[in-house]
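Number of protein chains: 2
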Amino acid sequence: MEPLLAELRTAVGAGAVLTDVDVTASYRRDMMPLAPHGQPLAVVLPTSTEQVQAVVRACAAARTPIVPRGAGSGLSGAANAVEGCVVLVTTKMNAILEIDPDNRLAVVEPGVVNLDLRDAVEKHGLFYPPDPSSYDWCTIGGNLSTNAGGLCCVKYGVTTDSVLGLDVVLADGELLRTGRRTVKGVAGYDLTKLFVGSEGTLGVITRATLALRPLPQAPATLVAAFGSTAAAGVAVSRVVTEGIVPSLMEIMDRTSIKAVEQYLKTDLNADAALLLCQSDSGGEAGRRELAAIEQACVAAGADLVYATEDLSEGRDLLTARRAVLTALEVYGAWLTDDVCVPRTRIADLIAGCERISESVGLRIAVVGHAGDGNMHPTIVYDPSSADEFARAQRAFDEILGLGLALGGTITGEHGVGKIKREWLAKEIGPVGLRVHRGIKRALDPENLFNPGSMFELL
Amino acid sequence: MEPLLAELRTAVGAGAVLTDVDVTASYRRDMMPLAPHGQPLAVVLPTSTEQVQAVVRACAAARTPIVPRGAGSGLSGAANAVEGCVVLVTTKMNAILEIDPDNRLAVVEPGVVNLDLRDAVEKHGLFYPPDPSSYDWCTIGGNLSTNAGGLCCVKYGVTTDSVLGLDVVLADGELLRTGRRTVKGVAGYDLTKLFVGSEGTLGVITRATLALRPLPQAPATLVAAFGSTAAAGVAVSRVVTEGIVPSLMEIMDRTSIKAVEQYLKTDLNADAALLLCQSDSGGEAGRRELAAIEQACVAAGADLVYATEDLSEGRDLLTARRAVLTALEVYGAWLTDDVCVPRTRIADLIAGCERISESVGLRIAVVGHAGDGNMHPTIVYDPSSADEFARAQRAFDEILGLGLALGGTITGEHGVGKIKREWLAKEIGPVGLRVHRGIKRALDPENLFNPGSMFELL
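Residue numbers (UniProt numbering), protein chains in the order written: chain A, 1 to 458; chain B, 1 to 458.
Bear in mind the hints are in silico, worked out from the structure with no lab data behind them. A hint or two may mislead.
If several chains are the same, the list does not tell them apart, and a pair holds so long as it fits within one copy or across any two.
Capping the alpha-carbon separation at 20 angstroms, the derived lysine to any residue pairs in SDA-like fashion look like this [unchecked claim]: (1) Lys155 x Arg213; (2) Lys92 x Gly361; (3) Lys258 x Thr326; (4) Lys155 x Arg315; (5) Lys92 x Leu311; (6) Lys426 x Glu174; (7) Lys123 x Arg213; (8) Lys155 x Phe127; (9) Lys155 x Ala211; (10) Lys258 x Gly13; (11) Lys265 x Gly314; (12) Lys155 x Asp280; (13) Lys92 x Asn269; (14) Lys123 x Gly243; (15) Lys426 x Arg177; (16) Lys155 x Gly243; (17) Lys92 x Gly15; (18) Lys258 x Gly15; (19) Lys92 x Arg29; (20) Lys123 x Arg238; (21) Lys123 x Glu242; (22) Lys123 x Thr241; (23) Lys426 x Gly165.
Could you put the whole structure together from the sequences, leaning on the hints where they help?
What follows is the structure, given as structure tokens:
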């Protein structure tokens, strides 16, 4: 292995090749406790596309796998090291290279933190929508690789909807430029959207051209409390069928509400479900949207609806939603699922999670993006108990099965990674799997990039 | 060849296999006069996925290429027959299988006409955005294969932005299901968006799950006349930088204006450029948007701005834009380009087209989607003159070069087809081309589907 380390040091400089096990330990895994992870041979931190190319060529020659990694905020183990690999960390490639307000686009390196980009474009009256929960530390590169979502998706879509083009270092070290700087373009296959969400299995993204939107108006906020999840589900369906597109529509189930009440020492005045909505349309349009949402909630049997145009009050109302995961940590460690179901099946999903919770004897809090059906049932367990961990795993899998049974998908935004491979095979079937393997082989015949993520190449 | 014809007759029924040269002639080419086309062995019109599978298996066994085709409204020759092929026409698979207003989606067969889908979902208060000019006769299958755009794109994106999932018959006759019915989903590679825009080179789409939007408000309309294209370009840039997103923003240059004035026997009161804009936000928001567009036009030096909330008056104002191609036919045949440039370069593109027009000695009218930079410079020539046709071809190519030189793409919505292969190679470069070929080989190793469209496999 020594010759490879020497080549890596030549490629990126000795200081950017980490091999001390105590140091590399923190690059071994992401935030998903279930996923397997190995010990990397080295962690490299390149600062340019050319350095990435040199690292890829060296690893290809040595037949040493590369696991690309951003900040490590992922929840599927996609960035987890495989034994003896090189972890290629893009966090030092963190320049915002260009912001072009006239064409509403930005060109960035992959290590730019999501929040830093948001802040930088906001100064130009512009908006980069994707806002995963980890937006204050996750990187654009990771967002691209997982096709990250967030709270914005109900109105503004996911990461792929904001990408115009990519620079990608391929398995032979060549640089591929996909896409364009224009709003539209159909020259050739849509390689950009093929690389987005490919979890680092097809190449290393070293630059991205991102589409920006005009900065929305300050949001008005509404919360609605329900005595049953079924009623909350009906409210969501009504909002959808009545053609309202809120800029945020989140749901919390009974278990989430109770956890947050205990943690924040407050009364959320909701028995079974809480719906939190925002409109960022501004002015009369925003008021009309919020009034229509209020009507939909009342018609669905909400116990209580409260709306405000006050920004800081609105932020306070969202505190409950943002506090869920932290609140659950009072009870133990958590493991979060990411199923996405048709919007009409949200209440069924929550009911199913209650059944699974009873069956495994563990607390499961359901919180999620009601506006697009992307739910995060979160299982709480004692990490020191092997038995509880096993039951948590069982619940995790049963929720995936439930999501599929409800006509949904196993992952709305976290990805497949190294934890849901069998489930991906179930969801896409043998023909789908064969096509995936064919594309992987076409782009990475030696299985250099992130082997074993998403699927085994065989 | 007889055994294949017998198998095709078994597969789809004798009446759905056309071999009479007089009949098949109308399936030889689409609407692009420049593209090469051959004589098909047969034209088949299957009515089900199973029939498509049988046709594909029979053709694969006989090593006879398949060219998938919708209505034939394409403008790149992508649906043109290659010599001795089977043209697989999807127009008889024209059922709208499902409209689900609660989840805002529709499931359709590929032969559904765009307008029929629009009308059907409108009854549920829903909206299918993609609206190519041929929307009253083009099919969804063709729209998917070319990733079609239209006037809606500035606000609502292109076809790929409205697709959730596809059924695709692959080269071995197996059925691939991509995507999902949920709003979000990241399970595996985004195969859906890989097939969208692949111009029938990777498989035959037999079903699509489409995302719908709430029906927008009735549009308010504005026209602005400019004494110079530069001023009109400044107006477009101002609209973009001020964060306004009109639902339509079209531009006509001097040559388009003159042609339409002569054809409609009217005075458009515009010397050099006409901008036509709509807002479908409704109410106060719509008025605010239109007022902001008006301000941007005035500030850019518009000679005249006129706005109306009256629907039928608005429709009348758009008549000029819709009449351009018909008006040009008074002078001869037309050949339309489809470059897309950064929105800040629209005036440069128009100026460049004026230079090319002078240089080749042919009329070139520039009309296009100013809101997204997708321009259709349209060359008028005498089809009976080989010399004029050759000059038209030269102009066509020079405009593609101009589009690339301005930082744009050779095609915003019409596709590469059999007419821009060399230009695709120029735009995406050797690495891009290699990746395209790798993906094509992975999915269609025998080059069964639409060989020679987009690129030669080699």
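For each hint, the structure was consulted:
no.	hint	in the structure
1	Lys155 x Arg213	both (12 angstroms within a copy, 11 angstroms between copies)
2	Lys92 x Gly361	neither (44 angstroms within a copy, 54 angstroms between copies)
3	Lys258 x Thr326	within (13 angstroms within a copy, 66 angstroms between copies)
4	Lys155 x Arg315	within (19 angstroms within a copy, 29 angstroms between copies)
5	Lys92 x Leu311	neither (35 angstroms within a copy, 54 angstroms between copies)
6	Lys426 x Glu174	between (34 angstroms within a copy, 17 angstroms between copies)
7	Lys123 x Arg213	within (13 angstroms within a copy, 31 angstroms between copies)
8	Lys155 x Phe127	both (13 angstroms within a copy, 15 angstroms between copies)
9	Lys155 x Ala211	both (15 angstroms within a copy, 13 angstroms between copies)
10	Lys258 x Gly13	neither (52 angstroms within a copy, 64 angstroms between copies)
11	Lys265 x Gly314	within (19 angstroms within a copy, 57 angstroms between copies)
12	Lys155 x Asp280	both (10 angstroms within a copy, 17 angstroms between copies)
13	Lys92 x Asn269	neither (46 angstroms within a copy, 56 angstroms between copies)
14	Lys123 x Gly243	between (32 angstroms within a copy, 13 angstroms between copies)
15	Lys426 x Arg177	between (33 angstroms within a copy, 12 angstroms between copies)
16	Lys155 x Gly243	both (12 angstroms within a copy, 17 angstroms between copies)
17	Lys92 x Gly15	within (12 angstroms within a copy, 65 angstroms between copies)
18	Lys258 x Gly15	neither (49 angstroms within a copy, 67 angstroms between copies)
19	Lys92 x Arg29	within (19 angstroms within a copy, 52 angstroms between copies)
20	Lys123 x Arg238	between (37 angstroms within a copy, 17 angstroms between copies)
21	Lys123 x Glu242	between (35 angstroms within a copy, 13 angstroms between copies)
22	Lys123 x Thr241	between (36 angstroms within a copy, 13 angstroms between copies)
23	Lys426 x Gly165	between (31 angstroms within a copy, 17 angstroms between copies)
Violated hints, listed in ascending order, are 2, 5, 10, 13, 18; each of the other numbered hints is respected by the structure.
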